[in-house]
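Novice: Chains as they are written, first to last, in our numbering: chain A, 1 to 341; chain S, 1 to 341.
Each hint should be verified, as a subset may be incorrect.
Which copy is meant is left open, so a pair is good if it fits within one copy or across any two.
[Stated by the list, open to error] Distance condition first, Cα-Cα at most 20 Å in a straight line; then the derived DMTMM-like pairs of lysine to aspartate or glutamate:
hint, residue 1, residue 2
1, LYS29, ASP39
2, LYS177, ASP140
3, LYS91, ASP52
4, LYS29, ASP241
5, LYS136, ASP109
6, LYS177, GLU204
7, LYS177, ASP24
8, LYS177, GLU250
9, LYS91, ASP120
10, LYS91, GLU42
11, LYS29, ASP245
12, LYS91, ASP121
Hints in this document: simulated from the structure, not taken from any laboratory.
2 protein chains.
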Amino acid sequence: MKVDAYSHILPAPYFERMRELAVDPGALKRWLELPALHDVDERLRMMDEFGDDYQQVLTLSSPPIELLAGPSESPALARLANESMRELCEKHPDRFPAFVASLPMNNPDAALDELASAIDDLGARGVQVFTNVSGKPLDDPAFRLVFDEMARRDLPIWMHPARGPGFADYTTEDTSKYEIWWALGWPYETSVAMARLVFSGLLERHPNIKIITHHLGAMIPYLEGRIGLGWSDQLGSRTADEDYDRMRRERLPRPLLDYFRRFYADTALSGSAIGIRCGLDFFGSDHVLFGSDCPFDPEGGPMYIRETIRVIDALDVTDEVRDEIYQHNIRRLMRLPDGRA
Amino acid sequence: MKVDAYSHILPAPYFERMRELAVDPGALKRWLELPALHDVDERLRMMDEFGDDYQQVLTLSSPPIELLAGPSESPALARLANESMRELCEKHPDRFPAFVASLPMNNPDAALDELASAIDDLGARGVQVFTNVSGKPLDDPAFRLVFDEMARRDLPIWMHPARGPGFADYTTEDTSKYEIWWALGWPYETSVAMARLVFSGLLERHPNIKIITHHLGAMIPYLEGRIGLGWSDQLGSRTADEDYDRMRRERLPRPLLDYFRRFYADTALSGSAIGIRCGLDFFGSDHVLFGSDCPFDPEGGPMYIRETIRVIDALDVTDEVRDEIYQHNIRRLMRLPDGRA
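Let's have the full structure, built from the sequences with the hints guiding it.
Specialist: Here's what the structure looks like:
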């Protein structure tokens, strides 16, 4: 059995509502070209290629809800998304064993309410956040209670990249060319968000918090050495006006890499064997989850799944380890029955 | 024999002049804590640990000359740097077999003059550029002749990251915290610069141009799949208002990865075995060069050299391949005698 831990969908009632809201024309073009994204019959047909032992955990596709609706409308939009997701899971429990709740992050009080309601009443097995909230970084005190609550509930937080207007501003005329914002900007955003969460002390305060980073930790595994000897061991050497030594002693007593390895990461590297091997070496097999990024591939759905399975099947690991990556890790994180005796 | 293809120095006469110019206090603090950066006697003592079969190709340390001097003063500053570098190589030919020229890139005409003079008169075996010129990207037409001329001369261009004011603006208050600009911002800058050079058509026009990227290609190898199936095969799918298909047909007929693999890359990943293996798999052994980033390590010089050698010595490759990485590739690029029969 394979449980795809990171696949994207736009349930039809939510999709219809989205199209009425102001939306980037590039994004709209993309969605319309991908029927498996918003038409569940197309989605199920596409999944048939992988048989009965392939399932998807559903997360809502970009953009973040807070880019579609202001703080007074976003709670209702999140609710619509979560109710539509619940319906998909109820109708197709053999294909969609669980969904991840969306939150109105531009309204933190409502986000906490929706978190409780989506998990307790609708059965969501985690929540998704984006790497910034309309430009505010995730370590902003406004969002602290969301992370604390997910740690308390011992359920995972999926973290998806998003363009950061006013935060990491690579959306200038220059880098918006050639879709650099997507190819390199998103992984940069993910990496910066991971770093800011580390430096905020979140992973020291909650050593067992379950944060699932997209794209196998983005830049972090390849830069293991830079983060270790370069950053962790020399923080402050390039700065004249901050006492980072004291901050480290008080807030981050361990090497930075220890905290970065506490993240979880999916295998959504578009089928790169060299990348997946590197990321697996970095995070270890208990922190890597099979995830495909379906349906954003050149075939509109099956290609990333197929290519990612090809790479995982060829990994030089035991069948037990492969099985952890394919299903047991994500089941453990979501606290779903794992089918083992 | 090991020839370190990317080590940094500030020759004493240049360093004295730099200190008189306006300089970021964080950078100044850093330099003063690293005597092996600006004191050649300290540098040579530090190198003794690695014996007679370790040599360094010298490049000038950050910041870019154009951040220290305007277009009317930068030519003289570049000249001072290059003459001081030549002197170091002449005095210590067994330790420093070659140097890389600095250019006053904010004055492109003078940059072309200095390029010719540094190579023809001073014996430089290549030039160094930074990933942006005071915020202008390297594919700006102003710099085209520098790249064309280096391709014509068949000598390498070292490309070092630099903060991009107004280009990739991660230097906002938010990301300037915790030295994120250095740890993640620099690799992002390198990757964006590589991408822009690819999209400008440079590597299609000059298939054999020799551009040496720092930090083993930064984000590119780990994102191989994203660049391939994600970007190359879906360019334009996220954009409503540009005809990328036509641009690809006319300017970039090959898969994007083919162009990215035409870059060369040094092993300066601060001693990460998983990173170096991934980068070597991506670029291939004829495009990877031993480079240490000396002296910017926690010991102020020898540690990155030692750790990088440890990783390369342990690679599962033939001795011939190891020797290509350690010395023959960089000798071939610089067209220096390679000591082989």
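Novice: Now tell me, hint by hint, if it's right for this structure.
Specialist: Outcome of the hint check:
1. LYS29 x ASP39: Within one copy, since 15 Å is at most 20 Å while 58 Å is not.
2. LYS177 x ASP140: Classified as between: cross-chain Cα gap 13 Å, same-chain 30 Å, threshold 20 Å.
3. LYS91 x ASP52: Result: close within a single copy only, 16 Å intra versus 72 Å inter.
4. LYS29 x ASP241: between (47 Å within a copy, 10 Å between copies)
5. LYS136 x ASP109: within (16 Å within a copy, 43 Å between copies)
6. LYS177 x GLU204: between (39 Å within a copy, 19 Å between copies)
7. LYS177 x ASP24: For LYS177 and ASP24, only the intra-copy Cα distance (15 Å) is at most 20 Å; the inter-copy one is 31 Å.
8. LYS177 x GLU250: between (43 Å within a copy, 17 Å between copies)
9. LYS91 x ASP120: within (19 Å within a copy, 75 Å between copies)
10. LYS91 x GLU42: within (15 Å within a copy, 72 Å between copies)
11. LYS29 x ASP245: between (49 Å within a copy, 15 Å between copies)
12. LYS91 x ASP121: For LYS91 and ASP121, the Cα distance is within 20 Å only inside one copy (17 Å; across copies 77 Å).
The structure meets every hint from the earlier list without exception.
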